[in-house]
Amino acid sequence: MPTERFQFTGEGGLQLAASLDMPEREPLAYALFAHCFTCGKDVLAARRIAAALAAKGIAVLRFDFTGLGSSEGDFANSTFSSNVADLVHAADHLRETRKAPSLLIGHSLGGAAILAAAAQIPEARAVVTIAAPSDPAHVTGLFKDRIEDIRKQGKVEVSLAGRPFHITREFLDDIAEHGLMMHVTNLHKALLIMHSPVDDTVGIDNATRIFVAAKHPKSFVSLADADHLLGGKRDAAYVADVIAAWATRYIEPAVAEPASDPGEAPRTVVVRETRASKFQQTVSIGPHRMLADEPAAAGGEDSGPGPYDFVLAGLGACTSMTMRLYADRKSLPLERTTVTLKHSKIHAQDCAECETREGMLDQIDLVIGMEGNLDAEQRKRLLEIADKCPVHRTLTSEIRIVTRAAD
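Residue 407 is where the sequence shown ends in full-length UniProt numbering, and the numbering goes up by one at each step.
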């Protein structure tokens with residue numbers, strides 16, 4: 001998955017550092033992502049969500065707000081209003097260089113900023129908030145013991161997530177003036193609210209207020225057991241999966257590709273490193289996009305199936321499809337097939353029917369469940385047919401793999 005890094009002009013003429021995570025092919029849509037307060041475009045949740053969405057065909061622009069990360073400016077001079085303005089500038093940049101975003105995504109205070117900016121991005125048809133406060137002033141709770149000092153002194157250094165930041169009286173005044181519920185009520189765009197019921201930074205009651213104020217179409221998805229920053233490795237992947245599925249109803253559909261020539265099957269598979277983590281890959285098969293990774297125990301982030309998982313999935317799908325074809329052709333009462341697979345290594349000496357007698361062997365165990373009013377003879381015949389699926393035959397026959405360097 002290619003990531004383009006560049007700068008664009010934000011509020012006040014400052015240069016803001018941005019990353020555009022692109023799919024391997026022409027994007028289905030463009031999304032604009034707003035990160036959490038004092039975070040940055042490269043915070044783990046933003047990177048993981050952007051990578052997962054790009055793998056599903058949605059390009060994602062994420063950037064550092066003024067004074068954060070690699071962007072110009074002083075954070076002390078930024079306000080909630082300037083963040084909203086930066087988002088509008090980011091959308092303008094996409095419109096001028098690519099295509100305006102049809103999907104807006106905001107995490108935490110970034111979610112509040114996205115709601116406030118949405119009306120100024122007319123092409124956006126869908127908005128997603130993740131752990132967003134219903135009032136931007138909620139963020140002042142992070143430094144509530146210093147608010148009086150900020151009011152008196154005009155600018156005070158506070159510690160947020162273990163890092164020092166200067167908060168000004170202007171920031172407090174600006175954030176107090178924003179009536180976010182008015183923006184929510186007048187949104188006129190599809191809204192997806194995602195929030196964890198155990199979020200101890202921004203409570204779930206914030207999601208309730210946003211949902212009640214919004215007009216349909218609106219949806220809510222509970223991020224059960226997730227923390228505020230989506231620190232769990234699977235949480236960001238789940239968020240991306242839900243967003244991608246939900247957004248397809250609202251974003252512009254992809255241009256249909258010409259029908260494939262049946263003679264082209266099987267299609268070419270392209271696997272490419274994302275470089276978002278140690279092992280993560282994008283897997284492209286025709287119009288389909290997915291992630292591959294290693295489980296955490298093997299040093300990966302478990303953001304997608306592992307290599308052997310794909311092998312087992314291919315065998316399982318082929319087995320079930322072959323049984324379905326046979327059952328339909330013979331008018332057998334097979335209602336549903338479930339194939340459960342497991343890969344393991346065994347000692348060759350433990351396999352009486354194997355030709356190899358020393359060392360270790362790969363073993364794939366298939367457990368096939370068959371639903372329907374089948375008699376014993378029909379079940380026996382279907383099990384025999386299961387072993388005749390093309391992938392099974394490929395795996396148990398001599399395979400020639402030809403490897404060469406790309407031109």
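Among these hints, one or two may not hold up.
Stated by the list, open to error - Listed below are the simulated SDA-like cross-link pairs for lysine to any residue, each with C-alpha atoms no more than 25 Å apart in a straight line:
id	residue 1	residue 2
1	Lys342	Pro305
2	Lys144	Met181
3	Lys144	Arg234
4	Lys342	Arg404
5	Lys215	Leu172
6	Lys144	Asn186
7	Lys342	Pro287
8	Lys218	Thr268
9	Lys345	Lys330
10	Lys215	Gly203
11	Lys388	Gly300
12	Lys56	Lys215
13	Lys330	Glu398
14	Lys56	Gly13
15	Lys345	Gln363
16	Lys345	Gly316
17	Lys278	Arg234
18	Lys56	Trp246
19	Lys345	Arg379
20	Lys56	Thr268
21	Lys218	Asn186
22	Lys278	Thr97
In short, the hints are calculated from the structure, not lab data.
Violated constraints from the hint list, given by number and in increasing order
3, 4, 5, 6, 7, 8, 9, 11, 12, 13, 14, 19, 22
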